[in-house]
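One line per chain: the protein sequences are A and B, in this order.
For the first sequence, the positions run 1 to 174 when full-length UniProt numbering is used.
For the second sequence, the positions run 1 to 174 when full-length UniProt numbering is used.
One thing to keep in mind: the hints can contain errors.
Because identical chains share one entry, a pair is satisfied inside a single copy or across any pair of copies.
Claimed, not checked - Below 30 Å or equal to it, Euclidean Cα-Cα: the simulated BS3-like pairs (lysine-lysine) are:
#: 1; residue 1: Lys116; residue 2: Lys133
#: 2; residue 1: Lys167; residue 2: Lys133
#: 3; residue 1: Lys68; residue 2: Lys133
#: 4; residue 1: Lys116; residue 2: Lys167
#: 5; residue 1: Lys124; residue 2: Lys167
#: 6; residue 1: Lys116; residue 2: Lys68
#: 7; residue 1: Lys167; residue 2: Lys71
#: 8; residue 1: Lys71; residue 2: Lys116
#: 9; residue 1: Lys133; residue 2: Lys120
It is worth saying that the hints were derived from the structure and are not from the lab.
Protein chains: 2
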Amino acid sequence: MTFWKNLFGNGDTATAGQATSPQGEMLEAAGELPDGGRIVFSTTRDIDLYELEELCDAVGWARRPMRKVGKAIQYSFLVVSMWELQGSRRRLVGFARATSDHAFNATIWDVVVHPKLQSKGFGKALMRYAIAKLRREDISNITLFADAQVVDFYRRLGFVLDPEGIKGMFWYPD
Amino acid sequence: MTFWKNLFGNGDTATAGQATSPQGEMLEAAGELPDGGRIVFSTTRDIDLYELEELCDAVGWARRPMRKVGKAIQYSFLVVSMWELQGSRRRLVGFARATSDHAFNATIWDVVVHPKLQSKGFGKALMRYAIAKLRREDISNITLFADAQVVDFYRRLGFVLDPEGIKGMFWYPD
Ligand SMILES: CC(C)(COP(=O)(O)OP(=O)(O)OC[C@H]1O[C@@H](n2cnc3c(N)ncnc32)[C@H](O)[C@@H]1OP(=O)(O)O)[C@@H](O)C(=O)NCCC(=O)NCCS
Ligand SMILES: CC(C)(COP(=O)(O)OP(=O)(O)OC[C@H]1O[C@@H](n2cnc3c(N)ncnc32)[C@H](O)[C@@H]1OP(=O)(O)O)[C@@H](O)C(=O)NCCC(=O)NCCS
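Taking the hints into account, I'd like the entire structure generated from these sequences.
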């Protein structure tokens, strides 16, 4: 995780609002925690796969082969991560990614916020950040497949169910 | 269209069943027409964008900027085209493409069969060809968004509507 070591390991403290990584990547502030921790968003793909697995474990998702998770991150069009910063420590607390044809459509997958930080508006902020990034790339058709229990979460963000009767479908082998 | 010129412009005639392009790409036979024409599938990305536009016009789809269509083809994980061969002539008569993370999921877009060739089983064959290609790449989650009037077409192919309550959603700007 050289990315974060460079950024926070040399006495550097990111200023409020935004910080820039050594690679010139913008970290966007998402909020502050009562204990002084700060939450930032990033689009780095430099994510420790063990840390991501821990995050997914925390919300009860089935484990997936790490090699494939790494490949999926590599070939996703957009990867958004959310980090909790405490001094020079950082922890992955949120994630989302999108596949895309780089032209018309993007499909968002694997949206997750650590249980400790849920219901504080961070999921909404994470999704808004992802949507803004996709819009900036001129993607007009942003789609996703929502688990039944989170349909309302996405609805509040402007996602519409089955618009004009368009239906999400999944292929099952016979 | 050097691809096809090489293949059919030098007196070469593809044999029944399968043919191989000069690039080593396999053309898979999909069927024969009463007038002697043959239908083949390909995964070439070497598609004349004007010809693709004509095909999409024929089913009444809204026009899209050609530059973006080209980019979408370039960044799709899988591009399947269907061609009608008559002697040394070839015509694009079907198309489908899929975005993917190259690991877990693929989403199929822009499925189309020329009206002249619809209702003859070619749409089904095109989709089966695409599904087989995706399965061979170890993609387990094949998804799509179906227009209301083609839900039954996809259902016959093994696609399931809203499995376990998972819902397709589209983002609309406020
Ligand atoms: C779904 C998830 C990302 C939401 O993140 P979050 O940080 O808890 O959500 P927020 O606090 O930003 O909530 C934003 C709004 O959605 C609502 N909301 C949050 N979770 C909701 C849910 N499961 N169902 C309905 N509404 C929900 C909130 O009440 C809030 O409404 P408001 O804007 O009117 O106040 C998070 O709960 C999570 O990671 N869940 C487990 C993993 C998961 O199910 N992911 C989705 C897979 S498709
Ligand atoms: C949808 C489309 C690709 C189907 O291709 P096709 O070659 O006509 O389909 P097939 O002949 O292979 O049909 C396969 C099966 O689906 C059925 N079917 C075909 N089109 C159907 C439709 N619109 N609704 C319901 N069933 C349909 C056929 O009756 C056939 O059933 P069977 O296997 O029991 O005999 C083609 O009609 C098309 O290009 N339509 C316009 C573009 C479009 O709407 N694309 C989908 C966008 S999401």
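Here's how the hints hold up against the structure:
no. : hint             : result
1   : Lys116 to Lys133 : within (26 Å within a copy, 41 Å between copies)
2   : Lys167 to Lys133 : both (25 Å within a copy, 23 Å between copies)
3   : Lys68 to Lys133  : both (24 Å within a copy, 18 Å between copies)
4   : Lys116 to Lys167 : between (34 Å within a copy, 26 Å between copies)
5   : Lys124 to Lys167 : both (24 Å within a copy, 19 Å between copies)
6   : Lys116 to Lys68  : within (27 Å within a copy, 42 Å between copies)
7   : Lys167 to Lys71  : both (28 Å within a copy, 26 Å between copies)
8   : Lys71 to Lys116  : within (28 Å within a copy, 41 Å between copies)
9   : Lys133 to Lys120 : within (22 Å within a copy, 43 Å between copies)
Violated hints: none; the structure is consistent with every hint.
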